[in-house]
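S.K.: Protein sequences appear in the order of chains A, B, C and D. Take 1 as the starting number for the first sequence in the numbering used here and just add one per residue. Take 290 as the starting number for the second sequence in the numbering used here and just add one per residue. Take 628 as the starting number for the third sequence in the numbering used here and just add one per residue. Take 774 as the starting number for the fourth sequence in the numbering used here and just add one per residue.
Think of the hints as simulated: they come from the structure by calculation, not from any bench. A couple of the hints might just be wrong.
As a list, the in silico DSS-like pairs of lysine-lysine whose alpha-carbon atoms are at most 25 Å apart [what the hints assert, rightly or not]: (1) Lys514/B <-> Lys62/A; (2) Lys848/D <-> Lys188/A; (3) Lys847/D <-> Lys360/B; (4) Lys361/B <-> Lys847/D.
Sample of chain A residues at the chain C side, in silico, Cβ under 8 Å [what the hints assert, rightly or not]: (5) Ala157; (6) Ala278; (7) Ile282.
All C-beta atoms, glycine included, are put in the ideal place defined by N, C-alpha and C.
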Amino acid sequence: MKKIKARALSLLADGTVKRVLGWERGEDAFDCSPALFENEAEMERFVYGTCAGANLSKYCVKMGKAEGKTLVILKPCDTLSFRQLLHEHRVERDAFYIIGAGCTGMMDENGLLAKCAACKGKEFAVYDEIIDTEECRLPTGTEKRMEQVEKLENMTAQERFAFWQGELSRCIRCNACRNVCPACTCIKCVFDNPGSGVQSKAPVTDFEENMFHIIRAYHVAGRCTDCGECSRVCPQGIPLHLINRKLIKDMNELYGDYQAGLGDNERTPLTSFTKEDAEPGIIHERGNG
Amino acid sequence: MRKFAAEKLEQLLSGISMPVYAPVEDGGTVIYGRYEPGMRLRLDKLGTDRTPKEVLFPQWESLMHFKMEGKKIQLTEEERANEDYVLFGVRACDMQAIRVLDRVFLSDPVDTYYAARREHGTIVGLACDAPGKNCFCKNFGVDPAQPDADVVLWPAGDEYFCEAYTDKGHALLNGWDTLEADECAVTAIKEEIGKKYDALPFAHLNLNGFDGEHLMEKFESPQWKKLSMACLGCGSCTFSCPTCQCYDIRDYDTGNGIQRYRCWDSCMYSDFTLMAHGANRPTQLERYRQRFMHKLVYFPSRNEGMYSCVGCGRCIEKCPMNLHIVKVIRALGEGEKE
Amino acid sequence: MSVSNTGWTPKIVAFCCNWCSYAGADLAGSGRMQYPADVKIIRVPCSCRVNPLFILRAFERGADGVIICGCHPGDCHYTSGNYYARRRMTMLFSLLDYLGIERGRTRVEWVSAAEGAKFAKTMNEFVETVYTLGENRKLRDIRCRK
Amino acid sequence: MTKETLVPMLGIVTEVRVDTPDVKTFRVNSVEGGKCFEHMPGQCAMLSIPGVGEAMFSITSSPTNQEFMEFSIKKCGCLTGWLHQMDEGQMITVRGPYGNAFPVEEDLKGQDLLFIAGGIGLAPLRSVINYVRAKRENYGKVRIVYGARSKEDLVDYPEIVNEWCREAGIDVFLTIDQPQEGWEGHVGFVPSYVTELGFDPQGRVLVCGPPVMIRFTTQALMEMGFEKNQIYTTMELRMKCGVGKCGRCNIGDQYVCKDGPVFRFDKLGELPAEY
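Extracted from the complex, chain A is given alone in its bound form (with noise of 0.2 Å):
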């Protein structure tokens, strides 16, 4: 992708923006990195290919706060963090320059992403110019968004109980979902806070990786876009988004079709409601038990 490096080089170059947040060439093929780059030389090394599958979104939160404007190169499915952030109020629209990246599906060294099989489309959510090709809009990947959390609904409780068990007892407690997550922008996280009685740096028993783990889902629900970051950093390979991806079903499903990060409203399923909402009884009547 020459055409978005030579681009960001004239936009730094005739002032338009300060810096340039993208990724950086590191060891190999699929060593990238997020940097920041400030002049000419340091571009050197920018690059945007199939690498380049961080979002980019979260960095914005803290790059919104620096002087002058700031380049970001986010995919379809960044920009929808990206958007999302902007109706929490966490970053300043102004304070971007956003080039809409094309994206044939991004990889790692196992091939396509989890994240990139269940692709969302390849729609901008929030752009100034978009930088593709033809073969950018096709989607990528085969694989139904909601086809594993149906195989998960349809089991047994004490299957469901014993796949998440085996799942969550592989956490460590790195916190890496939690801090590559751009919807995760609490200031003080609660399980950080030593006030909150449930602040806590290890696994101790089952119990605790479950209650991270559902606290950590469950506050980003209706703000999460579904971005697949939270499984893709998982040092333990833990399916992470498909705890995300039932609560997206679950509100579609009772509450009308939602995608955070589209739209125009702030206001997302749990922050609203309606006078006919489901009676939480309504589990009980769907499913196995």
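Fit chains B, C and D to the supplied structure of chain A, relying on the hints for placement.
M.R.: Relative to chain A, chains B, C and D alone:
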């Protein structure tokens, strides 16, 4: 030097009367877990998802219990480990990591919780017949072909060569049904490993200047800002690292007493040094710098040049944003070694 | 009731909103209506004050069932608190169910200040349900066991 | 010395003295009576209330005191808040002594000593001052500059006025930040008072107080001609283990709990300024 047929390995492990901790699969990841006959051993896995450090220094352990009654306190210590066990299949890098932990926990005053576990374990090392692209152990004086363990195994096709180096090792090996073997075969294996290692991308990093004498120079390097920019401040590098040993001590009110426990902590966390008057490493830059400075400069400065990085490559694999120690060494160091 | 040969009785935490359900519980009490002593009531200003962490904490510390009682939809003292609570609790309980936690351990019920009898009946039912489910093992911190 | 690194011994608070509105001094004995352990001036101990927390405090009493140990503690957080609510007879856990000490038997011996303290910073120095008073023949002139926000905030005021001020060979200079009714002494910050007083750049200086005070005081001392190797200070960072293992108080290649908390200024200059 002794040897035995590779197919007999599981039988040998099952025959050990003590608990055996070995690299086994746990839902897609490989951990050093309690081995039971029939489990699939993953001796092929380099940089296991969880490290053997956990056997000696678990992520969580109870230290003591308190009963509070009015103004009185009653203290009960947690019992120290007292069961012999075997830690099997430890790579040279992880073995060196255990030496690093020894430096910390066994130096005066001795940490008796760690010491008890260390004392009761017999460690069986495993030579790396196929070091991978993330390996860079030799930079830190680790020989992938010669783990510094009680017993060492060298895989060679359909057999394993083995040798015991300590009393504990001999005691273990004597119980095994092995055959006399020729030293030369192992020498050839070691040479082969050395050649494979030399062809790796990070095989020869330049560590000049990573020592106490250049402490301030490295500390003040302008590179840290760029290096740390993308750091999320998570603990995946710390918790995947075989040498990271920082811990926290906390109290938990169980409703019928107070349990004081210790758990791993990470210098990458914002509350690591937080005190009533603030934190002395307020931003991620300082915290990021602390972790790498500790491994590459502070620790060797205190420990006769022994680095607390062992080149296992786990942080290269685990960092969500691909920030890792090789990048730090290259950015701060003096280029490639000739 | 609910005392078996083992002597085990379920521990129930009931979050009751100050304006309706707590008064309902009061009415049940002053009307001498029987409901098990295993129900521990925690008064909250509104059913939407119940943070999901409260519920998880209750389970952590050994509760076997958690019930949230609030004003009937439309009757909230703060006009709309219980509408929010309704959505939140639906989502949370559905998530707990998804993680394999027994559905019967959680419940939401609308109880007005005049419904002392309903309060007693609800609690009796709920204790019964939890009793049949047995001890909460899936959501408990083992350190809190005696 | 407690043999086990992390297991504390039990102590009993035998006296609680209110020093200032936010500082109390606790007298601690072991359960059997007497002191929990011996220490040197400047060393610290980990005190804890199970369930609340554990933290490092400097031992305020002098090792020459054979009966008890004292800790002057300012209320500023969770644990200290709890400690301040304690009554006499309360058991707490104690482990230590930790860290190095002021070199009272080496470098300080035979020297004129200048103590400069601000606020609760007197706590670690009080141990040294009383040690020096007990072994008066080993040391030269003793001068003490001590400042606090107000008269009420001067820790150990009765001891200072009734004992230190009256002792021959000890000069005490007190100052408070703001003018106050009933205060006839000096008013002003410690560093400027030090400049005002003007000292011969000889002997040894021991400084402890808030970080800002330490910074400006050392500047003032340097301007007077003192060398960095004449000045000592004692530091405080977050600590958990107290034995140089948990990694928290690591600055450069030093652990404040084990290699510190007392540092000579020339040594401190070689370390990254992360304190």
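S.K.: Between Lys361/B and Lys847/D, is the straight-line Cα distance small enough, at 25 Å or below?
M.R.: Holds, because 24 Å separates the two Cα atoms, which is no more than 25 Å.
S.K.: Tell me if the interface restraint on Ala278/A is satisfied: Cβ within less than 8 Å of some Cβ in chain C.
M.R.: Ala278/A check passes; min Cβ-Cβ to chain C is 6 Å, inside 8 Å.
S.K.: Take a quick look at whether Lys514/B and Lys62/A sit within 25 Å of each other, Cα to Cα.
M.R.: holds, 14 Å
S.K.: Lys847/D and Lys360/B: Cα distance at most 25 Å?
M.R.: Holds, at about 22 Å.
S.K.: Under the criterion of a CB-CB separation shorter than 8 Å, is Ile282/A in contact with chain C as hinted?
M.R.: Holds - the Cβ of Ile282/A comes within 8 Å of chain C, reaching about 7 Å at its closest.
S.K.: Quick one, are Lys848/D and Lys188/A close enough, alpha carbons at most 25 Å?
M.R.: Given pair Lys848/D, Lys188/A holds - Cα atoms ~24 Å apart, limit 25 Å.
S.K.: Let's test the interface hint: is any C-beta of chain C closer than 8 Å to that of Ala157/A?
M.R.: With Cβ-Cβ at 5 Å, under 8 Å, it holds.
Comparing the model with each numbered hint stated earlier shows that all of them hold.
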